[in-house]
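S.K.: Residue numbers (the working numbering), protein chains in the order written: chain W, 921 to 1210; chain C, 921 to 1210; chain L, 69 to 445; chain G, 69 to 445.
Heads up, a few of these hints could be off.
Per label pair, the in silico range of CB-to-CB distance [to be verified]:
(1) W:Glu1039 <-> G:His331: 45 to 53 Å
(2) L:Asp212 <-> C:Glu1101: 49 to 57 Å
(3) L:Leu102 <-> W:Gly956: 35 to 43 Å
(4) L:Asp70 <-> G:Asp195: 27 to 35 Å
(5) W:Ala951 <-> G:Arg368: 36 to 44 Å
(6) G:Arg125 <-> C:Glu1051: 47 to 55 Å
(7) W:Ala931 <-> G:Ala82: 33 to 41 Å
(8) G:His331 <-> L:Glu78: 54 to 62 Å
(9) G:Ala82 <-> C:Glu1101: 41 to 49 Å
(10) L:Arg144 <-> C:Glu1039: 47 to 55 Å
(11) L:Val340 <-> W:Glu1039: 33 to 41 Å
(12) L:Pro93 <-> W:Glu1039: 18 to 26 Å
(13) W:Ala951 <-> G:Pro75: 50 to 58 Å
Here are the simulated lysine-lysine pairs, BS3-like style, with alpha carbons at most 27 Å apart [as the list claims (entries may be wrong)]:
(14) L:Lys443 <-> G:Lys86
(15) L:Lys244 <-> L:Lys443
(16) G:Lys244 <-> L:Lys443
(17) G:Lys86 <-> G:Lys98
(18) L:Lys98 <-> L:Lys86
(19) G:Lys98 <-> G:Lys244
(20) G:Lys443 <-> L:Lys244
These are computed hints drawn from the structure, not numbers from a lab. Think of the CB as a built atom: it goes at the ideal place given N, C-alpha and C, for glycine as much as any other residue.
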Amino acid sequence: MDFQLTDEQRALKTGVREMLARRFDATALRAAVDGGGLDRGLWRALGDAGFFALRLSEEAGGVGLGLPEAVLLFEEAGRALLPGPLIATQLAAGLVEGAAEGATVVTAPDGGLVEWLAEADVVRGDATGAEPIRSADPLTPLHRLPGGGAGGSPERALLTAAEQLGSAGRSTELAVQYAREREQFGQPIGAFQAVKHLCAQMLVRTEVARAAVHAAAVTGDPVEIAGAKLLADEAAVRCARDCLQVYGGMGFTWEAEVHLHLKRAWLRRERWPTPARGRELQAAALEEAM
Amino acid sequence: MDFQLTDEQRALKTGVREMLARRFDATALRAAVDGGGLDRGLWRALGDAGFFALRLSEEAGGVGLGLPEAVLLFEEAGRALLPGPLIATQLAAGLVEGAAEGATVVTAPDGGLVEWLAEADVVRGDATGAEPIRSADPLTPLHRLPGGGAGGSPERALLTAAEQLGSAGRSTELAVQYAREREQFGQPIGAFQAVKHLCAQMLVRTEVARAAVHAAAVTGDPVEIAGAKLLADEAAVRCARDCLQVYGGMGFTWEAEVHLHLKRAWLRRERWPTPARGRELQAAALEEAM
Amino acid sequence: MDLSYTPEEEEFRAGLRKWLAGVLPTLPPKPDPLDWPGRRVYDTGWQRRLYDAGYARVHWGASATLRLIFLEETERAGAPYVGANFVGLLHAGPTIAAEGTEEQRARWLEPVLRGDEVWCQGFSEPDAGSDLAALRTRAVRDGDTYVVSGAKIWTSHAEVADWCELLVRTDPDAPKHRGITWLAMPMDAPGITVRPLRTLAGSDEFAQLFLDEVRIPVGHRVGAENDGWRVTMVTLSYERGTAFVGEVVACRRVLVEIARAAHKNGTWDDPVIRHQLGALNAEFTALWRLIQWNVSESERSGGPPGVGGSVFKLRYSHARQELYDAAAAVLGPDALDLGREWTADRLSSLSYTIAAGTSQIQQNIVAERILGLPKGR
Amino acid sequence: MDLSYTPEEEEFRAGLRKWLAGVLPTLPPKPDPLDWPGRRVYDTGWQRRLYDAGYARVHWGASATLRLIFLEETERAGAPYVGANFVGLLHAGPTIAAEGTEEQRARWLEPVLRGDEVWCQGFSEPDAGSDLAALRTRAVRDGDTYVVSGAKIWTSHAEVADWCELLVRTDPDAPKHRGITWLAMPMDAPGITVRPLRTLAGSDEFAQLFLDEVRIPVGHRVGAENDGWRVTMVTLSYERGTAFVGEVVACRRVLVEIARAAHKNGTWDDPVIRHQLGALNAEFTALWRLIQWNVSESERSGGPPGVGGSVFKLRYSHARQELYDAAAAVLGPDALDLGREWTADRLSSLSYTIAAGTSQIQQNIVAERILGLPKGR
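In isolation and in its complexed conformation, chain W is listed as follows (with noise of 0.2 Å):
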């Protein structure tokens, strides 16, 4: 048993964090945030690094990864706010032509919404009757479907949860970052308890979401991902709403990343399973163990 990552393991993930602060950098996000649509050439980037066929075989022109991997690189698209329907996409690639190479955007319903519904080229499942709504999250477009969500895939749901990981990893670091810059009442607030303590607890909550994320990308049992969805959903949310309450004023402007991961939480927590859902899967397993 060895549950660190690999050495390659490692290197995936800082490859694509370089790689994503390359191609998505600050200015990338502040225009994603200002409505510029879906960047075709980021997702055909995106493609051509292999995020979307890391899981396909070699033999069928992937990068012949797993669950982990995936994971990992999930990690990274929700730390840097990446956006677009990159999940519903990479889970075509080998299915639907040009998804495995960033050329054709995929969508897919999920818990009563689907993402980027008028920019994508092809949608999974059925999304009759969408209506378009304003959406709280700057970064994606969003349709309502009638009627509530149907059920909705392990996979999904395991790499929702990466993406809430990697935010919930991202406001924690937002938060430290400013707790030792900011100076009010002559020291920097990290020096004060009150706020020492809500990093510390967003550390806490993001690590033992971390667990349970990686361990469910190694055994992909439902369960445990079912599981793992609701740990990371409840660390996104609150890490994103305790880096605001860190950031004070400041995080209360538009300018501030902040809100764009509470916003962003707040979405993917409404993918399947949602957190009411998770807990009902997972008194059925007590119920199963019993």
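Please build the complex by placing chains C, L and G on the supplied structure of chain W, with the hints as guidance.
M.R.: For chains C, L and G alone, kept in the frame of chain W given last:
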């Protein structure tokens, strides 16, 4: 509108506090904790002081006061950890001979439990099949009734809420006092924000519960009473819990007063309406307001 | 413990209700949220009607109980929000009423009550948020004028205000609380630049002010030079007092609406949701009672609301956020729809544990000033 | 990311399981909780069986993964708890193994592993709780002997221990962390008084030690004089590492039992209860994975578990309290019955956010040592 206490109410509160300090001091408390049984002398003294006859009309030999005054009395009783079936006996005044004078000890089933069954002279209500249990609260012998608890009366609920409120206030007071005196790392622990904020939240919970309980005493409205008990239950349990955290190891000893408040608060929370039931009652009230 | 109102108070309430019922249908349509001049006209027009009907004076001078009834009834009736008159009626006005000279009161108070003049607030600065007293906007005396330079943030209605209540540093060498002065700055003075500031809710409700050698007459100073901190505390404790009355009434209404929405979409059948809403019902009932308690206390003491306001603010700001979290739980995916009123309100609610003193600062105040816990070294 | 075990590890697990299945039915009946000598006999007897079967060495020296498997399997099989051997195996033992001389290791380690000698701990003092380094028990050098006077608190198994790992102050003038020394005190030395200390759970599980000029040979010192703080930190970080493995396994079992009880008394039909238990299932699964992560990390670094143990402890202590709160919610009025196992366990769980570093202290550690936030002035 003047929601503050009147001068008479203040005097009553002070009078009861002083009487309890005299008649039920630290030594008496320790004796009661160590299983002294019900102190009949104290019971009689409470009767003489008008504790039980408080709401009986003057014509009937009572004090002729109302629910708000009763609430102040039971706040003090909760604060002092006064043992015995106080509420059942006060509610029996004028109905059960000797109750008003403190000559008769009256108990009544509540929430699936009966307090002081073996020591009571009169039981109001059905205690058939009651079995003794090892009570978690060293100050209250308990019997368990078969089946769950039936409904209860708003008056009982209000007076229970008053006891919870008094206990919450006392836990807050204990924590603040300890935080001022206990030194660690070269300063009183109350100078650390973590401890400071625990204490501040204790006060907030207590004061919100106080507003709720006092208002419910004035209006006598059953829904408002149920809401007051919900808030007072939470204040009593969480303040005792936080007081324990402020005390650290020192609160974990049998000798410290802290645990007695926690255990009694847990017990009172089981009286009707329990928090779950209280939330349902509040939801039902919302439904009516629709 | 008396929650009943006097016959005079009941009469005031009945008269106000009747008046509101008559006047509200005659109001013009609400302006677009981005139309600042239109909002000013609308808000001050409403204030003028209140003034003419004799209700304007309820904001200061009158008893706290009458103010409570006024805020309760206007909110209940769906009357316009205080809006552009907020700073004038609830911040600058009370400050001038308490600390201004006879002449200053005569000059500034009446126009606020009549809706003739609008005030904005210039307290916070980018580097002085929680630590408000660390503000650095400088005022240098030049004869009978202060020359002011610096930057302010979180100013509402700056675009359409006539006056700005400004905190400036007049003595940079004094301990930080002792070198601050309160000035009334005319917003048409040369050297003022207003730049809109977008919030996370996507609104341009606030602005930044940039001040470049703005000249303000010494006669516009309220209180003594370097005594501005004390002068300001009057305003802030006022804000923590009855300023939220209308909001609590509104929250109780929203809670019923959320319950109605839950009935409609079936989530009411989920006990988890039902308990969440039930707990909030108890919470907001208690907060209403706490307001009544605070008002009674301030009536007795005769002064502005005490630190008890911090207790209220701590709990209310949290409860308001829980209310909109509950709304989101009921709405499910619809909570992501900005077209829903509660979605925007949920975003604004996030500022409640931050603005006008973060919850962390409020907890320090409660612990140190009410509970007497020592300051840390 | 590999959660599978090596063939050797699987073999170890299978062998242990088989051995446990054979040996557990042959154990004597459990002693009464108040019978300290009986408990010592029982606990050390079990340790001796482990030793004879070759499993004792798993506590130190062996890989953290083998220790993990050992703790998991013994707990799952319902084997006796470490009990009286706790301090020897998990505190004093690892300290001596890491910091003792060749001679000290030879003298003290084997008897612990064989269950021949029992250790207790003398760290905390009434005035040095969270601030452990403020301890005041004095040791004065007299030739090749330390003469020790003072008082210790929260000592388990003091009545039946052979040795006490003791922290004493040897240099009162040095900064508080630099004047502390670690000593092994024989419990039969003259001058030691043991007084039972009753906890809020009503048990006499702990004792206070009063030391009156107790003479301890210099050769019983582990590490250098005045270096005891560093020596001790090894022990404490060990405690925050894998010490809770068995408990997490036990918590997962208790959770299933609570669900069973909920089924039985009908509370399972209440979604509020069901969601509470479901959330705990996710929580304890994650805590188990976090343990595996921490063990992997310590295998890689080769040293004792790092500050990651604080992350685990913060979350676990809270989760354990939530577990027993959930049990109480399921039990309803029966939660007030001390005859129910969970009622007593709920009371003990209250110490988890306090003992071995309060949650407040742990959060400081996480914030300062992991996140690099500055210390307050």
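S.K.: Given a hint of 33 to 41 Å, does the C-beta separation of L:Val340 and W:Glu1039 actually sit inside it?
M.R.: holds (36 Å)
S.K.: Between W:Ala931 and G:Ala82, does the beta-carbon spacing fit 33 to 41 Å?
M.R.: holds (36 Å)
S.K.: Do the Cβ positions of W:Glu1039 and G:His331 conform to the proposed distance bound of 45 to 53 Å?
M.R.: Holds: the Cβ-Cβ distance is about 49 Å, inside 45 to 53 Å.
S.K.: Next pair to validate is L:Lys244 with L:Lys443; report whether the Cα-Cα distance is within 27 Å.
M.R.: Holds. L:Lys244 to L:Lys443 sits at ~17 Å (cutoff 27 Å).
S.K.: Decide if the proposed pair is consistent with the structure: L:Lys98 and L:Lys86, CA atoms, cutoff 27 Å inclusive.
M.R.: Since the Cα atoms of L:Lys98 and L:Lys86 sit roughly 22 Å apart, the hinted pair holds (cutoff 27 Å).
S.K.: Take the C-alpha atoms of L:Lys443 and G:Lys86, compute the straight-line distance between them, and say whether it is at most 27 Å.
M.R.: Roughly 61 Å between the alpha carbons, so the hint for L:Lys443 and G:Lys86 is violated.
S.K.: For the hint 47 to 55 Å, verify it against the beta carbon of L:Arg144 and that of C:Glu1039.
M.R.: holds (52 Å)
S.K.: Is it true that W:Ala951 and G:Arg368 lie within 36 to 44 Å of each other by Cβ?
M.R.: holds (41 Å)
S.K.: Does the beta carbon distance between L:Pro93 and W:Glu1039 stay inside 18 to 26 Å, or does it fall outside?
M.R.: 46 Å Cβ-Cβ, so the 18 to 26 Å window is violated.
S.K.: Are the Cα positions of G:Lys98 and G:Lys244 separated by 27 Å at most?
M.R.: violated (43 Å)
S.K.: May I ask you to test the hint 41 to 49 Å on the CB atoms belonging to G:Ala82 and C:Glu1101?
M.R.: This hint is violated: roughly 57 Å between Cβ atoms.
S.K.: Is the hinted range of 49 to 57 Å satisfied by the C-beta distance from L:Asp212 to C:Glu1101?
M.R.: With a Cβ separation near 55 Å, L:Asp212 and C:Glu1101 satisfy 49 to 57 Å, so the hint holds.
Violation of the numbered hints given earlier is confined to hints 3, 4, 9, 12, 14, 19; the remaining hints are satisfied by the structure.
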